[in-house]
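K.L.:
Sequence:
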Amino acid sequence: MKQSVLFTKTRKTAPKDEVAKNAQLLIRAGYVHKEMAGVYSYLPLGRRVLENIEKIVREEMNAVGGQELRMATLHPSQNWIQTGAWDAVDVVFKIKSRTEKEYTIGQSAEEIITPIAKEYIASYKDLPIALYQIGQKYRDELRAKSGIMRGREFSMKDMYSFHDSQEDFDRFYSQVKDAYLRVYERCGLAAKATEASGGSFTKKLSYEFMVLTDAGEDDILYCDSCSFCANVEVSTQKEGDTCTRCTKGTMKRAKASEVGNIFDLGQKYAKDFSLTYKDREGNEQYPIMGCFGIGISRLMGVIVEALADEKGIVWPKSVSPFHAHLVSLASGNSQVIAEADRLYQELREHGFEVLYDDRDVRAGEKFADAELIGIPTRLVISEKTIAAGGIEVSSRSGGDTTLVPESTIFEHLKKI
RNA sequence: CGGGCCGUAGUAUACCGGUAGUACGCAUGGUUUGGGACCAUGUAGACUGGGUUCGAUUCCCAGCGGCCCGACCA
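Going by the working numbering, the first sequence wraps up at 416, each residue one higher than the last.
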C-alpha cells in the first residue's frame, strides 16, 4: 500500500476526550475512529491488525479441534427468557421492533449455540464437539472506558464445547488453556492463567487470562517464581506471602487486563434447552458444556498498552498491519524514487506486505509517522543508501540500524 | 446507576455580556528537503432548545453528548 493513497493520515494531537493510551495512539495513527462512547470503527490499518489477531486465534482454535461457524447477532428474546438471562443479565441489549417483538443483540451465544447443537447432537458418538465464531458482541455497559478495551460493541471469539463426561471436559479445558497461552504469546504478550470466580452461573473457579498492564481493570496476585496467579477477588493469599503452590516464590500484586476467559458451564444450558444425547446404554444424558472467550479488539488494545513507547505504537510482527514500512527520502530525486518504486514492487513479489511511504514530505515527518504507526521493520532508501549500496533496515522496537546490501535484502527480511 | 468535570473550525486551544484570535491541518504559489522547515494568500468554528438582557458564544435552566472516580463487569 502506498502511503500517499492510504485513506487515513496521522495527527499530532489526540482528541482531548481520550485519556487511554491505546485510544490516543490508535486514533492518532489512523487505526480507529470513535463513533461514541465505547464504540469504535476500525479503519484500514486497524482492520488489518484485527484480522491478524483473528488469524492467530483461528489457527489455535482449529488446532484444538474447534469448528468455526457464524451465528446470528440478532437473537430471539425467547431464548434468553428460557435461560433466565433476559432478566438476570443486565448488560444484554434489548430492542423492540415496530410490531412490539422483542430481540436481544448478542453479547455471547450460549442461547443460540445450544438450540443449534440440539439439532445435530443425538448420540455420545457426536461428542465431544467444539464450535466457535469470531464477531461483534454487544454489551450494555453502564460505563464504557479505557478506549477500545471496554466497549459496548467489540469483537470477540467465543467457543462452546459439549462433552459426555466431566473428565472429557477437563481434558479439553486444559487443552484450550494451553492454546490460549499460545495465542497470547504469538501476539507478543506474556499472559497469566489466573484463577477467578466463575461468574453468575457457576460456583466453580474459572480461568481468566491476564496481561500485566497498568491500564488493566483487575488486580491480580501472582507468584514471582512459579506460574500461579489469582484474581484478588478469589485469592486466599496476600501480597508478600510465600506462594502456597510452589512454596518458594513470593506473591506480588499487580494491575492486569483480562484478555480471555474459559469456564465450565456444567449442564445449565443443556437443561434449559433440553439438549440431550444417548449414552452407550441408551440413556438420555445432558452434555457438559464449556465456554471459551477471547476479546479480539481488547487484545489489540492491550498490545498497544503493553508495548507502545513514547513515540508511538510498537506492533509485534505477528499482528502488524504490514511486514515492513518502506520509507523513501527522495526530495524529488528521480533516481531515489525509481529505486524505491522498484524495491516496493519486488518486496511485494516476494510476498511481503509493505506500507510504502512515497509521499513528498520531509524526512522528519516520515520517521515520526513510521514510529507512530508502529510497523516493526523500517526500510529507508535515500541518496545516501544508494551511494552506500544498500538499504537501511531498522527495528521499531529498538536495536541497530543496519545497511543491508540489496542482493540480500529479501533473505534478511525473512530472517527477522 | 451515584458523584465530579467538560462541550469554541477537522484537531488542539485563547479571549469575551457588544457576533471570535492562534497553532496544526487542508487549498494555491514560491523557497526548502536524513528527524514534524519556511514565506505569502486562502479555507473553516461557539452541541441543541428555552430563559435573562437593548444585545448571549459568554450568565441561568433543560436536553443531548464526552471524559474521570466509584459501583458494575458472562
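Just so you know, these hints were derived from the structure itself, not from any lab. Incorrect hints may appear among the rest.
As a list, the in silico EDC-like pairs of lysine to aspartate or glutamate whose alpha-carbon atoms are at most 16 Å apart [to be verified]:
hint, residue 1, residue 2
1, 34, 153
2, 145, 35
3, 9, 279
4, 145, 214
5, 2, 360
6, 125, 279
7, 366, 392
8, 94, 153
9, 255, 279
10, 317, 54
11, 177, 59
12, 311, 346
13, 255, 214
14, 34, 59
K.L.:
Against each hint, give a clear statement of whether it holds in the structure.
P.N.:
Checked hints:
| no. | hint | result |
| --- | --- | --- |
| 1 | 34 to 153 | holds (11 Å) |
| 2 | 145 to 35 | holds (14 Å) |
| 3 | 9 to 279 | violated (60 Å) |
| 4 | 145 to 214 | holds (14 Å) |
| 5 | 2 to 360 | holds (12 Å) |
| 6 | 125 to 279 | holds (8 Å) |
| 7 | 366 to 392 | holds (14 Å) |
| 8 | 94 to 153 | holds (14 Å) |
| 9 | 255 to 279 | violated (46 Å) |
| 10 | 317 to 54 | holds (14 Å) |
| 11 | 177 to 59 | holds (15 Å) |
| 12 | 311 to 346 | violated (30 Å) |
| 13 | 255 to 214 | holds (5 Å) |
| 14 | 34 to 59 | violated (30 Å) |
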